[in-house]
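K.L.:
The residues making up each chain are set out below.
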Amino acid sequence: MIQDSGMLRHSLQRLLGLVPTLLMLITVAFFLIRVAPGGPFDSEKALPPEIEANLNAKYHLDEPLVQQYFRYLGQIAVLDFGPSFQYKDWTVNELIAQGFPVSLTIGLLAMALAFVLGTMLGVTAALRQNTGADYSLMGFAMLGISIPNFVVAPLLILLLAVYAGWLPAGGWDWGIASMVLPVVTLSLPVTAYIARLTRGSMIEVLHSNFIRTARAKGLPESTIIRRHALRPALLPVISFMGPATAGMISGSVVIERIFSIPGLGSYFVQGALNRDYTLVMGVVIFYGVLIILLNFIVDLIYAWLDPKIRYDEKH
Amino acid sequence: MTKSTDKPVLDPFEAALGVSDLKGRSPWEDAWHRLLKNRAAVYSAFIMAFMILIVLFGPMLISWESDFTDWDYTSAPPSVQSGHWFGTDAIGRDILVRTLEGGRISLLVGLVATIVSLLIGVSYGATAGYFGGAADRIMMRVVDIIYALPFMFFVILLMVVFGRNIVLIFVAIGAINWLDMARIVRGQTLSLKNMEFIEAARACGVGDWAIIRRHIIPNLLGVVIVYVTLTIPQVILIESFLSFLGLGVQEPMSSWGALVSDGAQDMESAPWTLMVPAVFLTVTLYCFNYIGDGLRDALDPKDRQ
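In the order they appear, the protein sequences are chains A and B. When you line the first sequence up against our numbering, it's residues 1 to 315, in that order. When you line the second sequence up against our numbering, it's residues 316 to 620, in that order.
For the record, the hints were derived by calculation from the structure and aren't laboratory data. Please note that a few of the clues may not be correct.
Negatives, chain A to chain B, calculated, CB over 12 Å [what the hints assert, rightly or not]:
#1 His10
#2 Tyr69
#3 Gly82
#4 Tyr87
#5 Asp89
#6 Met111
#7 Trp174
#8 Ile176
#9 Arg212
#10 Leu305
Okay, the calculated bits of chain B under chain A, using three or more residues with CB under 8 Å as the criterion [said to hold, decoys possible]:
#11 447-461
#12 464-476
#13 548-561
#14 570-576
#15 585-594
From the three backbone atoms N, C-alpha and C, an ideal C-beta is built for every residue, glycine too.
Model the full assembly from the supplied sequences, consistent with the hints where possible.
P.N.:
Listed below in structure tokens is the structure:
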């Protein structure tokens, strides 16, 4: 598909389309946090005016807003998010480098679990459409969508950590035991959603003509599912992966807080409460770019999986 | 919509054979019949109606005030004898009353924020779809751009920037949640506007805005109803999420999210403080999702399996 010039043009067009989104993201985040009452150096005790003036000068907070904005844009262009206001001696880049690997690990594991488990459950339900197994699977899936993360997490802690004592109730030491509860909690709603999506599209695909042809050829059912039905049935799941990642990232804010995990989400909430301008903006922009890029990749995968899109571009 | 429910469903063959006493059924009546056949949706609707009733009137029937601290029973387990049927929290407040009153806030946020997103989304989407061309392209480009922003982070930012204010919660959530609605409505409008009855209206000299108001929007109703029932639980969830992080409604006001958050603090010594609001919240979300699903199956026949 690489030699396909339509595909290449499609990718380039989409990539260019990301620029206004990025600008909008940075601009809104910048001005929103600057109109907030209260500043980063507010504390119980008022600072002497000279010190405050010095601090403001050091961080360029005394310049006109527009000038600060363009200074910040210039910094972002070279991927420098500046120093953190609250964590002295730390740059935002360092904080992100510290917190992101943790969040990424949880997110990737949860996503993998959700994808594998969700599609398996969805296909299982679709093959047993309108039986008791189907109904109970879908009932559980609906429960998984409805029950919020922050309800599941305390319940699991209570059952598996406090009462049973099998797993740690929180904390993070890069060990498997400390990962189980956060990952399972985070993946639950996405698993449920993917199961529902897969079931729906699988049923639709199984009714289509090319599956009837495959059956007429006398292929065994398992081959039909694996070779013919699965790929088109996964299309809606693939396009859901973009929003799902965004949801996981915001979900991880809660998860990290409940399980006291030192990920990027906890830095974000802490930074927002402390008015750590540079940290908050850094995290919002970092995650924004991440989501935008992921959506872009999902788009490409989708175009690769679904020939119709490629041909529509050409003609 | 309900008037013919007592009538037996007529066999289409009878109709073909020209049996008299036939009355046409509107698409709405068809949808109603399909909805009634969906047991999960019907049960959910009953449970939801019950939930709304007890949330509205329950606190009046219970003798405890939600801010009354009963020092004889702090962190008391559920019991009939003490009069605290669902127990009390760490400072002796009755869990049931607090949960019911928190439910008022949660449901209110769900309703109001959904209405905000409904108003913005429907007018925006219908306008873009109806006028088409450059206006449509620009308007939908704006939606695409906003759509790509990390939405939850902006809600958190908004709450931090403007302080924790209940009106702001409505507006912030509603103002961000209208994007899906705008997209769906635009798509429907695009397909509607080329139909004959719109052309007929235009031929009669009806103005653009009157066509949007009188012909386009009423025909969008089905899609919009489905989407609204699916938006309400989303909004309730977002509000609880914010309250759980300590960024939502403030004491003495409470919501299910805030109560779950409180309960999670004391869950080892008093698990009921977590369970009661958690069950109320989950049941509500569960029912709304089932009702929305049922409505979608009923109102959108082409999606049915």
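K.L.:
Run every hint past the structure and note whether it holds.
P.N.:
Now for the hints, and whether the structure bears them out:
no., hint, verdict
1, His10, "holds, 16 Å"
2, Tyr69, "holds, 17 Å"
3, Gly82, "holds, 18 Å"
4, Tyr87, "holds, 18 Å"
5, Asp89, "holds, 24 Å"
6, Met111, "holds, 16 Å"
7, Trp174, "holds, 25 Å"
8, Ile176, "holds, 24 Å"
9, Arg212, "holds, 17 Å"
10, Leu305, "holds, 21 Å"
11, 447-461, "holds (count 4)"
12, 464-476, "holds (count 11)"
13, 548-561, "holds (count 6)"
14, 570-576, "holds (count 3)"
15, 585-594, "holds (count 3)"
Taken one by one, the earlier hints all hold for this structure without exception.
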